Structure formats: C-alpha cells, structure tokens
Amino acid sequence: KAGVTQTPRYLIKTRGQQVTLSCSPISGHRSVSWYQQTPGQGLQFLFEYFSETQRNKGNFPGRFSGRQFSNSRSEMNVSTLELGDSALYLCASSLVGGRSYEQYFGPGTRLTVT
Amino acid sequence: AQSVSQHNHHVILSEAASLELGCNYSYGGTVNLFWYVQYPGQHLQLLLKYFSGDPLVKGIKGFEAEFIKSKFSFNLRKPSVQWSDTAEYFCAVTGGATNKLIFGTGTLLAVQP
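In order, the protein sequences belong to chains W and L.
If you read the first sequence in our numbering, its first letter stands for residue 1, the second for the next number, and so on.
If you read the second sequence in our numbering, its first letter stands for residue 115, the second for the next number, and so on.
FYI, nobody ran anything at the bench for these hints, they're computed from the structure.
Only a predicted model underlies this, so the values are computations on that prediction, with no experimental measurement involved.
Keep in mind that a hint or two might mislead.
[To be verified] Simulated restraints, written as ranges between beta carbons of each label pair: (1) W/Tyr10 to L/Ser184: 42 to 48 Å; (2) L/Leu170 to W/Leu11: 39 to 45 Å; (3) L/Glu202 to W/Thr7: 37 to 43 Å; (4) L/Ser128 to W/Gln17: 43 to 49 Å; (5) L/Ala130 to W/Glu52: 32 to 38 Å.
Ideal Cβ positions, reconstructed from N, Cα and C, are used throughout, including at glycine.
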C-alpha cells in the first residue's frame with residue numbers, strides 16, 4: 001500500500017506570495033492533518049480535515065487555510081507569505097477521525113520564503 | 115494547557131548501551147500516547163502507541179514504552195541500542211475525539227559505533 005504523498009517536495013517563494021501544498025493520503029484513509037515543523041517551534045498542529053470538513057484547527061493565523069476533496073486528498077494554502085513561514089510542512093493521514101487511530105506521515109514539503 | 119515535555123534534548127550513547135528517553139504530558143482526561151521516530155533524511159514513522167490496556171507496549175525495532183498514569187509519563191526504552199537507532203525521537207499525545215497530535219520538542223539520539 002502506498003504511503004502518504006506530498007507535492008511538491010521543495011518550494012522557494014518570495015515574501016508576500018501565496019503557496020498551495022498538496023497531500024494524498026493512504027488509500028482508504030479519510031482523515032488528513034497538517035503540521036508545521038521548524039527548529040524553533042518544533043512540530044505544531046495546523047488543522048485536520050475529515051469528510052471534507054475541518055474538524056480541528058491549531059493556533060495559526062487566518063493566512064493558513066486548507067481544504068479536503070471528496071477523494072480525501074487535501075490542500076493547504078498560505079497567503080501573504082512571511083519569512084517565518086519557512087518550515088517543513090507535514091501531512092498525516094489516518095483511517096478515520098478520532099483518537100483511536102494512529103496517523104501516518106508523509107515526507108513533507110520544505111518551504112523556503114525569501 | 116495541553117503539553118508534552120521531553121527532558122532529554124540530546125543523548126549520546128555507545129552501541130549496546132541501554133536507552134531510556136523521558137516523556138511527561140499534561141492533559142486532562144483520557145489520552146492516547148505515541149512515540150515517533152525521524153531517521154536522518156526520512157519522514158516521521160510511528161514507533162509505538164498506547165491507547166488502552168496493558169501499560170507496557172512494544173513497538174518496532176525492539177523499542178518499548180511504559181505508561182504510568184500516576185506520573186503522567188510514557189518513557190521510551192530499548193535494552194541495547196544500535197548505530198542505526200541514531201535519529202530524533204518525538205513523544206506525542208492526543209486526547210478526546212481528536213486527531214490533534216501534541217508533540218514534545220524531540221530528543222536527538224546519537225549512537226556511536
């Protein structure tokens with residue numbers, strides 16, 4: 001079974017631009033969560049989608065948004081990029097939403113904002 | 115506030131030494147506990163998990179962890195480490211009906227051959 005895939009793997013953007021990252025979950029998984037990983041703040045939860053609905057949201061500004069499609073694929077968007085948005089963005093999928101299922105992580109998208 | 119603390123930020127061991135990485139959490143209510151590992155250049159992988167039942171859980175590659183509810187702890191152990199265990203280890207917790215993982219700051223383990 002293929003794992004979680006994320007595209008693109010690397011991205012360089014300029015301050016003020018916007019970016020869209022994509023995540024394809026493991027086949028059959030319906031929940032997709034996004035995390036930001038930085039050396040200073042570690043791994044932080046951005047949001048979770050299940051059945052095309054946002055179930056949970058972390059403490060990030062409104063510039064960070066996401067969506068999920070009917071095939072469970074998910075995208076996250078960051079508008080008006082800031083230097084501090086440079087990070088590894090990780091997507092994780094699980095069978096269903098809820099606490100009793102482990103999450104499987106993709107390789108991440110490395111975003112560099114210059 | 116919900117939080118996870120990993121007290122060891124950087125651990126250096128020789129091969130065959132025993133390993134114990136500390137993890138304490140602060141969370142009101144029922145929790146699920148996880149250890150993830152990130153090998154150099156690779157993505158986060160689930161090492162082991164605790165949902166309920168036997169508080170001593172065994173994971174992949176000879177790792178185990180013990181959930182001690184009274185101490186709010188979930189320490190990771192391995193009797194004999196190998197050079198290939200060099201990686202960063204993250205403790206994480208979820209609670210309630212949510213998939214929101216709260217991670218600790220990670221422990222960087224370096225195993226010297």
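Taking the Cβ atom of L/Leu170 and the Cβ atom of W/Leu11, is their distance within the range 39 to 45 Å? With a Cβ separation near 43 Å, L/Leu170 and W/Leu11 satisfy 39 to 45 Å, so the hint holds.
Determine whether the Cβ-Cβ distance between L/Ser128 and W/Gln17 falls within the hinted range of 43 to 49 Å. Holds - the Cβ-Cβ distance for L/Ser128 and W/Gln17, about 48 Å, lies within 43 to 49 Å.
Do the beta carbons of L/Glu202 and W/Thr7 sit within 37 to 43 Å of each other? violated, 24 Å
Mind checking the hinted window 42 to 48 Å against the Cβ distance between W/Tyr10 and L/Ser184? holds, 46 Å
Okay, L/Ala130 versus W/Glu52 on CB: inside 32 to 38 Å? Roughly 51 Å apart at Cβ, these two residues miss the hinted range, so it is violated.
In summary, the numbered hints that this structure violates are 3 and 5.
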